[in-house]
Amino acid sequence: MLYFMNIQNMSFKVGQTLTIVGVPKPDATNFAVNIGPDDKDITLHINPRFNAHGDENVVVCNSYQGGNWCEEHRDGSFPFRQGEEFKIIIQFTPTEFLVSLSDGSQIHFPNRIGAEKYSFISIEGEARITSFEIK
1 MLYFMNIQNM
11 SFKVGQTLTI
21 VGVPKPDATN
31 FAVNIGPDDK
41 DITLHINPRF
51 NAHGDENVVV
61 CNSYQGGNWC
71 EEHRDGSFPF
81 RQGEEFKIII
91 QFTPTEFLVS
101 LSDGSQIHFP
111 NRIGAEKYSF
121 ISIEGEARIT
131 SFEIK
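Here the sequence shown is numbered in my numbering, starting from 1 and rising by one per residue.
If you are wondering where the hints come from, they were derived from the structure by calculation, not from laboratory data. Remember, it's a predicted structure, so these values are computed and weren't measured experimentally. Note that the Cβ used here is the ideal one computed from N, Cα and C, for glycine as well. Misleading hints may appear alongside valid ones.
Stated by the list, open to error - Label pairs and their in silico Cβ distance ranges:
no., residue 1, residue 2, range
1, 67, 104, 31 to 41 Å
2, 130, 77, 35 to 45 Å
3, 82, 14, 28 to 38 Å
4, 11, 54, 32 to 42 Å
5, 26, 66, 30 to 40 Å
As the list claims (entries may be wrong) - Below 27 Å or equal to it, Euclidean Cα-Cα: the simulated DSS-like pairs (lysine-lysine) are:
no., residue 1, residue 2
6, 40, 135
7, 117, 13
8, 117, 87
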């Protein structure tokens, strides 16, 4: 079963932090967190892959603009475990998203669209979200 959570018409602004806590399914292949101005353009796509799209145990970050994926960023750390709780903390600065993972590792991903506020967040794939907070 795939879980989907779409949040629209909200406000995630520069200076704020988004914290997501969840649990991947015991047999999860991957899940994704998307942040953007709408459901058509995604400025930050975080995709932990246990075994999906030809990848194993890697976090892939990217942007989707104008109907095309941009250049992927692959992080070396993979603190996610199937069936075990994870926490992703996303700090939104004027130039980038600073993504902190459960093991303390960080991903620096550029704010490619360059907006100071995004109003769409989706979480999709094989993870159940237990907590979602913007501060």
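task = Could you check the hint for me, namely that residue 26 and residue 66 are 30 to 40 Å apart, CB to CB?
result = holds (37 Å)
CB-CB spacing for residue 77 and residue 130 relative to the 35 to 45 Å hint = Taking Cβ atoms as reference, residue 130 and residue 77 lie about 22 Å apart, which means the hint is violated.
ask   = Are the Cα positions of residue 40 and residue 135 separated by 27 Å at most?
value = holds (25 Å)
message = Is 28 to 38 Å respected by the C-beta to C-beta distance linking residue 82 and residue 14?
response = The hinted range 28 to 38 Å holds for residue 82 and residue 14, with Cβ atoms some 34 Å apart.
query = Is residue 117 close enough to residue 13, meaning Cα to Cα at most 27 Å?
reply = Holds: residue 117 and residue 13 sit about 4 Å apart, inside 27 Å.
task = Using the Cβ atoms, figure out if residue 67 sits within 31 to 41 Å of residue 104.
result = Hint holds: Cβ distance 36 Å, inside 31 to 41 Å.
message = Hinted pair, alpha-carbon criterion (27 Å max): residue 117, residue 87. Please report holds or violated.
response = holds (22 Å)
query = Taking 32 to 42 Å as the hint, is the beta-carbon distance of residue 11 and residue 54 inside that range?
reply = holds (36 Å)
Violated hint: 2 only; the structure is consistent with all others.
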